[in-house]
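Number of protein chains: 2
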Amino acid sequence: VIADAILSALQGDMTLDGLKSHKPLTGRRAIVTAGPTREPIDPVRYLSNHSSGRQGYAIAQALADLGAEVELVTGPTSIATPLGTKNTTIETALEMRAAVEAALPADIFVSVAAVADWRPAERTSKKTQKPVDGPAPLQLIENPDILRSVCESDKRPELVVGFAAETHDVVELARAKRLRKGCDWIVANDVSGDVMGGQENEMIIVTETSEDRLPRQSKQAAAQALARKIANHFGEI
Amino acid sequence: VIADAILSALQGDMTLDGLKSHKPLTGRRAIVTAGPTREPIDPVRYLSNHSSGRQGYAIAQALADLGAEVELVTGPTSIATPLGTKNTTIETALEMRAAVEAALPADIFVSVAAVADWRPAERTSKKTQKPVDGPAPLQLIENPDILRSVCESDKRPELVVGFAAETHDVVELARAKRLRKGCDWIVANDVSGDVMGGQENEMIIVTETSEDRLPRQSKQAAAQALARKIANHFGEI
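Chains A and B supply the protein sequences, listed in that same order. All residue numbers for the first sequence refer to our numbering, where the first residue is 102 and numbers rise by one. All residue numbers for the second sequence refer to our numbering, where the first residue is 102 and numbers rise by one.
Hints were generated in silico from the structure; no laboratory data involved. We treat Cβ as the ideally placed atom computed from N, Cα and C, and that holds for glycine. Be careful, since some hints might not be right.
[Stated by the list, open to error] Keeping only pairs whose Cα atoms sit at most 20 Å apart, straight-line, the calculated SDA-like set for lysine to any residue is:
#: 1; chain 1: A; residue 1: K228; chain 2: B; residue 2: P221
#: 2; chain 1: A; residue 1: K231; chain 2: B; residue 2: L195
#: 3; chain 1: B; residue 1: K227; chain 2: A; residue 2: L274
#: 4; chain 1: B; residue 1: K256; chain 2: B; residue 2: D218
#: 5; chain 1: A; residue 1: K231; chain 2: B; residue 2: L274
#: 6; chain 1: B; residue 1: K228; chain 2: A; residue 2: P221
#: 7; chain 1: B; residue 1: K124; chain 2: B; residue 2: L274
#: 8; chain 1: A; residue 1: K227; chain 2: B; residue 2: H151
#: 9; chain 1: A; residue 1: K231; chain 2: B; residue 2: K278
#: 10; chain 1: B; residue 1: K231; chain 2: A; residue 2: D143
#: 11; chain 1: B; residue 1: K330; chain 2: B; residue 2: H269
#: 12; chain 1: A; residue 1: K227; chain 2: B; residue 2: E196
#: 13; chain 1: A; residue 1: K228; chain 2: B; residue 2: R130
#: 14; chain 1: B; residue 1: K231; chain 2: A; residue 2: D270
#: 15; chain 1: A; residue 1: K278; chain 2: A; residue 2: K231
#: 16; chain 1: B; residue 1: K227; chain 2: A; residue 2: V272
#: 17; chain 1: A; residue 1: K227; chain 2: B; residue 2: H269
#: 18; chain 1: B; residue 1: K187; chain 2: B; residue 2: E170
#: 19; chain 1: A; residue 1: K256; chain 2: A; residue 2: P245
#: 20; chain 1: B; residue 1: K330; chain 2: B; residue 2: L260
#: 21; chain 1: A; residue 1: K227; chain 2: B; residue 2: D291
#: 22; chain 1: B; residue 1: K256; chain 2: B; residue 2: R130
#: 23; chain 1: B; residue 1: K231; chain 2: A; residue 2: D218
#: 24; chain 1: B; residue 1: K231; chain 2: A; residue 2: K256
#: 25; chain 1: A; residue 1: K228; chain 2: B; residue 2: D218
#: 26; chain 1: A; residue 1: K227; chain 2: B; residue 2: G299
[Said to hold, decoys possible] Sample of chain B residues at the chain A side, in silico, Cβ under 7 Å:
#: 27; residue: V145
#: 28; residue: S149
#: 29; residue: N150
#: 30; residue: K228
#: 31; residue: P238
#: 32; residue: L239
#: 33; residue: T268
Sequences and hints are given; from them, build the entire structure.
Structure, rendered in structure tokens:
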């Protein structure tokens, strides 16, 4: 359909407005975070999580396909980054915060990354030797809350969407998270199965006034549905 | 050269012994461990390390290329497993120990995996919610020492080779590790640069009587050098 529209526009029998209707987010700037963060314990060991980056990459791609200028800030993954987006790879939550701050301002912020809540309190520059009398507890400190700080920023994007990956009480925790973070929408995911790292997702989009349950579908299809809902929010569909 | 030898053998102008000289480890069974382990904190979070699996996979491949029957026990990696080896993928150190025990007996054990020294003392079945008053320290317990238990096993392979990835005092720590574990050789690696996860390696093979410093080279070339030294140990080259 888009190829046809481009062809028609090139042939002069369609206006630029007609072409733009297929790219409803043209002129909008979006920042998407994706993947896990890795929080170093020493040069060899780290704390991380099972996020594959697939859902975030698919959302970045879907927003770009609708015409948005997309900046993707991603933790380490083993999958290919999307085409048509600006990609920055980081390791830690602190690096992700810095990259997101550098990417602002934007109209849309979609926080899909599974940012580690905590990081080791100390990072040793040498690999820790195994102590003879057993391991000491790993002291943890809280990572910056990137979603909340974007919401509280002077440069707060018009639409801020967070994700809540939970294994239980999914919608209740998502509603609470929306209020706590100050974001507009929370996409709730039940990750008690193989969603995190898997190929499919069943999203529930929680807004101030609604809960939109999408069917279980591929992460690509779910991303396209979310991107259309975002375009709709901006009154462009 | 091998293809030529096979061709010659097929043409009948070479004996089976002549062919076997190119496959000096024919009839020998090897177990190789590779990659990191992942130690779950909850269904989403884990402890791991930067091992890519590249060096271990290359050694499994090099031993198979010399005719050994190779069983590779690997943690999660993002690279393709070797051809011509039996591959078992595990996540945790406990799973790796079980897989190695199941794979014994063998003539050769090469422990390349970066097995996590410690694992979280408790693994929760639900994703832990972020506590309001900051994170509690993560209690750790020691993982089984797979290399040492193979060395102490009734089924101890004739040749047991460990790896020591260190960021400092590399050879000293390797010598100490050889004695502590009871293995025959330790391959020392300096991972203070990008070796862990990188494409090249500079091995120092520490035996009871010698230290064999190999040049910095691709992990494939280093693996082939180690495999030849192993074949030589068995008097087959």
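Evaluated hints:
{"no.": "1", "hint": "K228/A - P221/B", "result": "holds, 19 Å"}
{"no.": "2", "hint": "K231/A - L195/B", "result": "holds, 18 Å"}
{"no.": "3", "hint": "K227/B - L274/A", "result": "holds, 13 Å"}
{"no.": "4", "hint": "K256/B - D218/B", "result": "violated, 23 Å"}
{"no.": "5", "hint": "K231/A - L274/B", "result": "holds, 12 Å"}
{"no.": "6", "hint": "K228/B - P221/A", "result": "holds, 19 Å"}
{"no.": "7", "hint": "K124/B - L274/B", "result": "violated, 34 Å"}
{"no.": "8", "hint": "K227/A - H151/B", "result": "holds, 14 Å"}
{"no.": "9", "hint": "K231/A - K278/B", "result": "holds, 11 Å"}
{"no.": "10", "hint": "K231/B - D143/A", "result": "violated, 24 Å"}
{"no.": "11", "hint": "K330/B - H269/B", "result": "violated, 26 Å"}
{"no.": "12", "hint": "K227/A - E196/B", "result": "violated, 28 Å"}
{"no.": "13", "hint": "K228/A - R130/B", "result": "violated, 33 Å"}
{"no.": "14", "hint": "K231/B - D270/A", "result": "holds, 15 Å"}
{"no.": "15", "hint": "K278/A - K231/A", "result": "violated, 39 Å"}
{"no.": "16", "hint": "K227/B - V272/A", "result": "holds, 15 Å"}
{"no.": "17", "hint": "K227/A - H269/B", "result": "holds, 7 Å"}
{"no.": "18", "hint": "K187/B - E170/B", "result": "holds, 8 Å"}
{"no.": "19", "hint": "K256/A - P245/A", "result": "holds, 17 Å"}
{"no.": "20", "hint": "K330/B - L260/B", "result": "holds, 11 Å"}
{"no.": "21", "hint": "K227/A - D291/B", "result": "holds, 11 Å"}
{"no.": "22", "hint": "K256/B - R130/B", "result": "holds, 13 Å"}
{"no.": "23", "hint": "K231/B - D218/A", "result": "holds, 7 Å"}
{"no.": "24", "hint": "K231/B - K256/A", "result": "violated, 27 Å"}
{"no.": "25", "hint": "K228/A - D218/B", "result": "holds, 12 Å"}
{"no.": "26", "hint": "K227/A - G299/B", "result": "holds, 18 Å"}
{"no.": "27", "hint": "V145", "result": "holds, 5 Å"}
{"no.": "28", "hint": "S149", "result": "holds, 6 Å"}
{"no.": "29", "hint": "N150", "result": "holds, 5 Å"}
{"no.": "30", "hint": "K228", "result": "holds, 5 Å"}
{"no.": "31", "hint": "P238", "result": "holds, 4 Å"}
{"no.": "32", "hint": "L239", "result": "holds, 4 Å"}
{"no.": "33", "hint": "T268", "result": "holds, 5 Å"}
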